[in-house]
Amino acid sequence: MELPVLTPAQPVAKGGCSASSCGTSNDQMSGLPEHILKKVQDHPCYSEDAHHYFARMHVAVAPACNIQCHYCNRKYDCANESRPGVVSELLTPEQAVKKTIAVAANIPQMSVLGIAGPGDPLANPERTFETFRMLSEQAPDIKLCVSTNGLSLPDCVDELAKHNIDHVTITINCVDPAVGEKIYPWIFWQNRRIKGREAAEILTERQQLGLSMLIERGILVKVNSVMIPGVNDEHLAEVSKVVKSKGAFLHNVMPLISEPEHGTFYGLTGQRGPTQDELNDLQDACSGDMNMMRHCRQCRADAVGLLGEDRGEEFTLDKIENMEIDYAAAMVRRAELRADVLNELESKRAAKAAKQQVSNLVSLEAAAALRPVKMAVATAGGGVVNQHFGHAKEFLVYEASAQGVRFLSHRKTDLYCEGGSSCGDGESVLGRTIKALEGCEVVLCSKIGFEPWGLLEAAGIQPNGEHAMEPIEDAIAAVYAEMQAAGKLVVQPSVWLKTA
Amino acid sequence: MALIINELCVNCFACEPLCPNKAIYQAKPHFLINPDLCTECLGDHDAPQCAEICPIECAIEDEYGEPLNPPGSLTGIPLQALQALHEQSMLNQAAVLQP
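Residue numbers (my numbering), protein chains in the order written: chain A, 1 to 500; chain B, 1 to 99.
Treat the hints as calculated values from the structure; they're not laboratory data. Among these hints, one or two may not hold up.
[To be verified] Covered stretches of chain A, as calculated for chain B (at least 3 residues, CB under 8 Å):
#1 118-126
#2 172-184
#3 265-271
#4 328-337
Note that this is a predicted model, so its numbers are computed, not measured. Using N, Cα and C, we set each Cβ at its ideal position, and we do this for glycine too.
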């Protein structure tokens with residue numbers, strides 16, 4: 001399998017996800033060959049188009065792990081947390097199948113079942129493969145996928161192929177053991193706990209071997225990397241290059257989460273996570289070599305629903321016990337919905353292609369002197385500005401420049417935690433939200449209250465409710481044009497100082 | 001001679017399939033080792049398998065109550081930081097328990 005060589009990320013006016021909240025840009029999925037696009041078009045985690053229409057769930061059947069990562073604490077669990085490795089109830093394979101079928105019958109958008117922990121799925125091969133085996137019999141219309149640290153992967157590749165798993169995610173934080181030994185304190189390998197450089201050497205070798213073996217068998221591989229400033233941030237462009245050359249189709253660089261209260265090595269030793277800008281810059285740097293994923297929500301290992309939402313509470317074991325399920329009928333409904341959505345996506349892609357000729361936002365002569373502006377958008381989906389500021393749990397951040405509008409990232413307002421007084425630092429919700437919007441000059445929303453309006457303005461962020469229900473990219477382009485007309489975009493030293 | 005799994009166990013299942021004597025079993029509130037079956041892996045492995053894979057420091061002890069994986073030995077977290085975390089979580093628990 002050969003990946004197309006993509007040009008470095010260009011801010012795009014053309015292309016882009018014109019009718020969705022993610023702002024897909026040309027350096028992402030559209031560069032994929034047709035046969036891969038076909039495989040991922042209804043996978044919410046792999047296709048930015050799909051994530052507005054299709055839902056996924058993770059079943060937590062795999063508690064054991066065979067390595068330790070410095071960003072993970074195996075002791076920690078909190079129902080208020082939303083991040084990888086966190087679950088509230090561990091399931092047996094039978095319970096996992098029951099839950100999957102209950103969710104699939106009640107959420108017709110459910111297209112993908114993943115096993116992602118809370119340990120390493122392939123360090124629990126019996127529980128993981130028993131779940132896959134039963135699901136491929138009882139729910140054949142659901143795609144199966146798995147994520148792994150890669151240590152056991154070479155031993156499991158044939159079994160994975162047998163269960164018709166066509167997507168695997170490997171977390172690869174480095175290709176150089178010298179970097180790896182700063183991330184992995186130990187691995188369990190051939191009946192021994194191995195530490196230090198030797199552990200990192202074995203792990204990186206097994207990851208690369210597993211990656212190649214999957215590609216040989218035609219299984220799609222996505223690579224996840226955790227960006228750890230000062231440890232692997234400068235190394236990840238190299239990782240991107242290597243995994244692409246071996247055949248991975250997508251690279252997802254995620255920010256390190258390292259709050260001290262999580263009790264991880266990084267959290268307790270003051271290792272910081274990257275800023276939004278550092279993350280975006282690295283994603284841009286890697287995108288010259290690789291399709292980058294930018295809409296990852298770093299889900300829990302038992303998440304249920306559309307990306308960015310979690311409906312796990314509706315499907316706890318005691319609740320699914322009493323659900324009446326007609327899976328055959330549900331399968332028909334799901335097939336119809338899938339066909340409708342794929343049709344809609346297809347027509348959107350066609351419209352997007354037609355729009356590629358759209359002219360730049362401002363004239364080229366003026367362009368050189370204009371600075372880019374970051375804007376945040378409150379949206380409940382559908383690709384339009386349609387959410388009240390106070391209801392937004394996350395904002396989508398776009399960059400408008402003379403070249404056009406492009407999606408940069410999403411930002412959560414709750415910073416992974418909705419906990420109460422027991423774990424908060426007493427900061428107000430509004431204060432946290434404003435902090436999350438740092439670097440943005442404008443926030444677009446359907447409506448906004450009087451108090452937040454004043455506080456946002458005081459923080460140098462202009463609230464804007466004038467574009468309610470308009471497509472996001474159009475609204476941002478309009479605001480950018482207004483800013484230009486008002487002379488706010490000319491590059492002047494004072495402006496730079498003010499916004500720095 | 002037998003090893004002991006104590007209340008620090010997080011029920012991750014990692015040790016159970018590795019035991020050459022099938023001495024480890026799932027129990028509430030945490031996994032346990034049958035002392036009649038445990039041989040500390042003597043004759044089977046160079047080191048006790050449960051303690052080799054266990055990710056939780058101090059969760060597995062020998063018959064004298066000595067942890068096979070002492071504090072900091074697995075995570076590399078400095079002892080002072082572990083202590084501070086422990087104190088903080090005690091404070092949080094106390095705060096939650098208060099009406």
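A quick look at each hint next to the structure:
1. 118-126: Coverage by chain B holds for the segment 118-126 of chain A (4 residues, Cβ < 8 Å).
2. 172-184: With 0 residues in contact (Cβ-Cβ under 8 Å with chain B), the coverage given for the segment 172-184 of chain A is violated.
3. 265-271: It holds: at least three residues are needed, and the segment 265-271 of chain A offers 3 whose Cβ sits within less than 8 Å of chain B.
4. 328-337: That given contact is violated, which follows from only 0 residues of the segment 328-337 of chain A lying within Cβ reach (below 8 Å) of chain B.
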